[in-house]
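Participant: If you want the building blocks of each chain, they are given just below.
Number of protein chains: 2
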Amino acid sequence: MIKICIIGSGNVAQHLITTFQNLEKSVNEIELIQVFARKKENLVHLLPLEKITDDFNTLVEADLYFISVSDDAIATVSEKLPFKNRLVVHTSGSMPFNILCNHNRKGVFYPLQTFTKGKAVNFKEIPICIESENSTDYKVLERVAKMISNAVFAINSEQRKALHVAAVFVNNFTNHLYAIGKTICEENQIPFEILKPLIKETISKLENLTPNQAQTGPAIRNDQKTIEAHEAFLENENQLNIYKILTQSIQDNGKKL
Amino acid sequence: MIKICIIGSGNVAQHLITTFQNLEKSVNEIELIQVFARKKENLVHLLPLEKITDDFNTLVEADLYFISVSDDAIATVSEKLPFKNRLVVHTSGSMPFNILCNHNRKGVFYPLQTFTKGKAVNFKEIPICIESENSTDYKVLERVAKMISNAVFAINSEQRKALHVAAVFVNNFTNHLYAIGKTICEENQIPFEILKPLIKETISKLENLTPNQAQTGPAIRNDQKTIEAHEAFLENENQLNIYKILTQSIQDNGKKL
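Residue numbers (this note's numbering), protein chains in the order written: chain A, 538 to 794; chain B, 538 to 794.
Bound conformation, chain A alone:
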């Protein structure tokens, strides 16, 4: 039995709480014994009040502590833990391993996903990136990670930093391009719905092709006439700049292939 304690009440913390609680019922190997939240009321919809504490000094003994708080608070929280030599991990994609206080054994348990409060996610499909100081701790993290996900990866801090940057490109930035697409549609009385099958097909292609193989459009086929027409169409300077830099990047990248 692996006893787990989660510190935090944000998006990731809440998804982990729900997942571990469901797991307790199906697998008799782990137990979520306590959660720390600065405001207990943030979590009462998820678990019984007696399992929630707002006082670091009342933290009970566990085999694994998750610090799932905002990046800026991880170091401070790890210093406040009133015990030593226990396994403490954070769940951040962008923070290095050694931001955690030296009093305890350090690790990272980073679920690579974009979490929205209230929107259920299937943890089975979420890659979990784990890292630890020693191989015994790694095995514990791996065991827990494999209970909740089918995609567990050993990723060190340097790789995790790269992964987080890559995630910004494929998630945050693509989502912003959807926002721009929606704006252009709405300014021309076109329902954004019309673009959704295209968006889905863009992803679907990645099942069999690399992004470079799947690249289509005026930039990759050097269709200068269409590019100029599009640039003339875009009155918004910001949209025009984004159009130009991404068109150029596609063309430069194409030359390298």
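Do not rely on the hints blindly, as some may be mistaken.
It does not matter which identical chain is meant; a pair holds if it fits inside one copy or across any two.
No more than 25 Å apart at the CA atoms, straight line, and that leaves these computed lysine-lysine pairs for DSS-like [claimed, not checked]: (1) K792 to K576; (2) K676 to K737; (3) K588 to K792; (4) K562 to K588; (5) K656 to K617; (6) K562 to K661; (7) K656 to K737.
Keep in mind the hints are simulated off the structure, nothing from the lab.
In this text, all values refer to a predicted model and were calculated from it rather than measured experimentally.
Model the placement of chain B on the given structure of chain A, informed by the hints.
Facilitator: Showing chain B alone in chain A's frame:
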């Protein structure tokens, strides 16, 4: 019975040929009577040789002619048609309606999708944007479009231009961001597979949220520390420029909300 003739042998033409042939079997309302290809051999895997011509002067009489060739060739092809006052449409997203020769009745039949040769698509889910000179022709186009798709939209040439630009943002450009994500992963010995669930979830969110509501990441939460760390990480000048311009755009857009 609507008799159809397709001029062209490229990606879109081939997908239309396959779709109409399948439709002939299930619905007794249309007939693909002839296809024009400069090189007949490009189409022999799709339909019997006697249905293919490489001579404009042997084009038979039909109710509807599709010009499905590269944008640059549409005008020339429409001028070569050896008949008058018939309904002729092109299938391009970026070309205006009136690029077609005045000898015939003009229309547009634009399936908004990214087609890959050999990769089957389900036309039922592909939005078809139609436009015509008069309402009688519009009804013919609408009837044919509704036979193959559940999503038929009346889109005029100005709107179609906007739509095509928007499509470049949500398809071509997002795909290029996947390519960058893959490059960053590979440079750090991380399998690109690890990002795919995140990519899928980014799309999945759009079912219930607008892109602006779904926006997450360091840019929208003004997490300057993470942004600076990412910028320091990106050694590739092009990737860095894209990072900066999209981060700025997310932040400016966020302020407007």
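Participant: For each hint, tell me whether it holds in the structure or not.
Facilitator: Comparing the hints with the structure gives:
Proximity of K792 to K576 under the C-alpha cut-off of 25 Å is found in neither arrangement, the shortest distances being 55 Å within a copy and 29 Å between copies. Taking the shortest Cα distances, K676 and K737 never come within 25 Å of each other, neither inside one copy (37 Å) nor across copies (29 Å). Taking identical chains as interchangeable, the C-alpha atoms of K588 and K792 are never at most 25 Å apart, the minima being 59 Å within one chain and 39 Å between chains. Proximity of K562 and K588 under a CA criterion of 25 Å is satisfied intra-copy only: 16 Å inside one chain copy versus 64 Å between copies.
Taking the shortest alpha-carbon separations for K656 and K617, neither the intra-copy value of 31 Å nor the inter-copy value of 56 Å comes in at or below 25 Å. With identical chains, the CA atoms of K562 and K661 are at most 25 Å apart within one copy only, with a shortest distance of 16 Å there and 42 Å across copies. With identical chains, the CA atoms of K656 and K737 are at most 25 Å apart both within one copy (20 Å) and between copies (14 Å).
In terms of the numbered hints stated before, the structure departs from hints 1, 2, 3, 5, listed from lowest to highest.
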